[in-house]
Amino acid sequence: MTWVWFVPAPLTRSPLSILALAIAIGWAVVAATAPLLAPYPPLAQNIGNTLAPPSPAHWLGTDVVGRDMLSRILYGARISMPVGIMSVALAVVLGTAIGSIAGFRGGLTDEALMRATDIMLAFPTVIMAMIITAALGPGIRDAVIAIMVAWWPFYARLVRSLVLSVREREYVEAARALGASQVRALMRHVLPNVIAPIIVVGTLDVGQAILAFASLSFLGLGPPPQTPEWGLMIATGRNYLSQWWIGTFPGLALLTLVLSFNIIGDGVRDLIDPRLRRT
Amino acid sequence: MRLAAYLARRVLLLPLLLAGVSLLSFVLSHLVPADPTAAFIGPRAAGDPEIVAAFKHEWGLDRPLPQQYAIYLWKLAHGDMGMSIATRRPVEVDLRERFPATVELAVTAMAIAVAVGLPLGILAAVHRRGPVDEAARIVSLLGVSMPVFWLGLVAIIVFYAQLGWAPAPGRLAGDVSSPRPITGLFVTDALLRGDLPTALDALKHLVLPALVLSFYSIGSITRLMRATMLDVLNEDYVRTARAKGLPRPAVIVRHAVRNAFIPVLTLMGLNFGNLLAGAVVTETVFSWPGLGQYAFQAASSLDFPAIMGVGMLIAATYLTISLLVDLTYAAIDPRVRVG
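Chains as they are written, first to last, in this note's numbering: chain A, 1 to 279; chain B, 280 to 618.
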């Protein structure tokens, strides 16, 4: 297994993890090279050949206006993967900022921020996303903002509890005693020591974010209708129940991508927290 | 009594959190640069300043925002959630009609998830690294990775369009009238009224969407039950129970499962809130006339009173359930004495 030398050992020990890694890398390659791989342009219509079942010319069939399903699915990876990573990254940054201030300052600031977090957590994510995207007008950017706004409270809670556990350590006290400002103590001494678990949890959540984005898109709260995006394509499939390939294939693409991210996430967690290791 | 103080604090905090949720939904729906006026009266009328002014006056949209919120909160405290702009009916009337449909779906899904997830998680932990454990791993991974709306679509394609086993989407067949409401849950109501054919039809319509909706919870419950069981099985008291000669099944049921179940209970509470919200996509796929479908229609027409009503209702349900879970927690786990 020399070709995966750069991957930590526990990931390569399980065949399932290797498969997941291969699928995730495969999708990343597809996302990067979709224009080269796709047999047809994703928006090219062919009115003479609509709703065609899978065939040698169109491996996964064609859609309502004769667009090649395979090409559109390959292009879909260009949206799903970056969007998933991006929305988690934004939520992590916002959650870390708010959670670390709450945990580090304590007192009233902590109380106020944490009650605000409670309120955000109680408010249903989908409804929040609906309000945001419905109001800003549907689009990829707005769906990303919606996921960020809905998810930051989870990270804020996590970061706060981590900061609380680090804040009283001697090295932080020492830094303060040496005259370091609050901001400096937080940025230089507290945050670097809590960042690893935050990154792990964020990585675990990328699959879920891809799923959340596709759901919003499925509900029409994402990119505009013609976009080659998986959630939208599945939504179209609802109107063509006898043309099963329209809704089925984009969903399989979505499932394999999310599944591979979740399996890798499991592997990473085993690596970080050996107590939870399965093997 | 620190426990009593903690419980009192939790209970008193509930109305405050709800007020916070109402403020949040109000601010969200008003700070965003969108105007429900155009969505409601149509683009042509929106060009006429007089119609626009009259419309805004009718709905109180011409008052300052704090005043609008004060009015909203005052009415909310009296059970008045305003008029839905789209359906032109009081929001609380719409919600009362829709909520039972979602509850029926979510409760059934949770029951399925518990019935499958708990035994699967327990067996996986007991027969660690065996075939059941592998199956449990695959089930839980699939469960948390599955796009629910896609699973629903595939289920409809296979069981309705191809095989014809499942009825058309909806809560009842077209020629069956809904049972007179007692609880609002069709299967229960029809049974209570002794109307077996209606109960059967409602059940047939319920099975597929509930199975699809339960998928995520099956995954997460299986995974957590397995993990906590593994922890508990390593505890000293389990070894002691075995050492004093108690048979293995008795140890597992009486000592291990009871203790491992506590964290799973919390997850179930959290999951139930997610189920209510996750019902949005499931209901859209299965044309299920519940809260989710209502919220979706409200969002597409920028019907803010309706969206805020749904948000409030789901948040209130979620907060109440998590309060109940915490209270149960305090009751069954003597170690829990403070928050």
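Treat the hints as calculated values from the structure; they're not laboratory data. None of the values given here were measured: they were computed from a predicted structure. Treat the hints with care, since some could be wrong.
[To be verified] Computed, partial: chain B to chain A, Cβ under 8 Å: (1) Leu397; (2) Pro398; (3) Ile436; (4) Thr563.
Quick reminder that beta carbons are idealized off the backbone N, C-alpha and C, glycines included.
Taking the hints in turn, this is what the structure says about them:
Hint status for B/Leu397 relative to chain A: violated, with the closest Cβ pair at about 20 Å, above 8 Å. The criterion of a C-beta within 8 Å of any C-beta in chain A is not met by B/Pro398, whose closest approach is roughly 20 Å, and the hint is violated. Here the hint on B/Ile436 is kept, as its CB sits about 5 Å from the closest CB of chain A, short of 8 Å. Satisfaction of the interface hint for B/Thr563 is found here, the shortest Cβ-Cβ separation to chain A being roughly 6 Å, below the 8 Å cut-off.
Hints 1 and 2, counting from the list given before, are not met by this structure.
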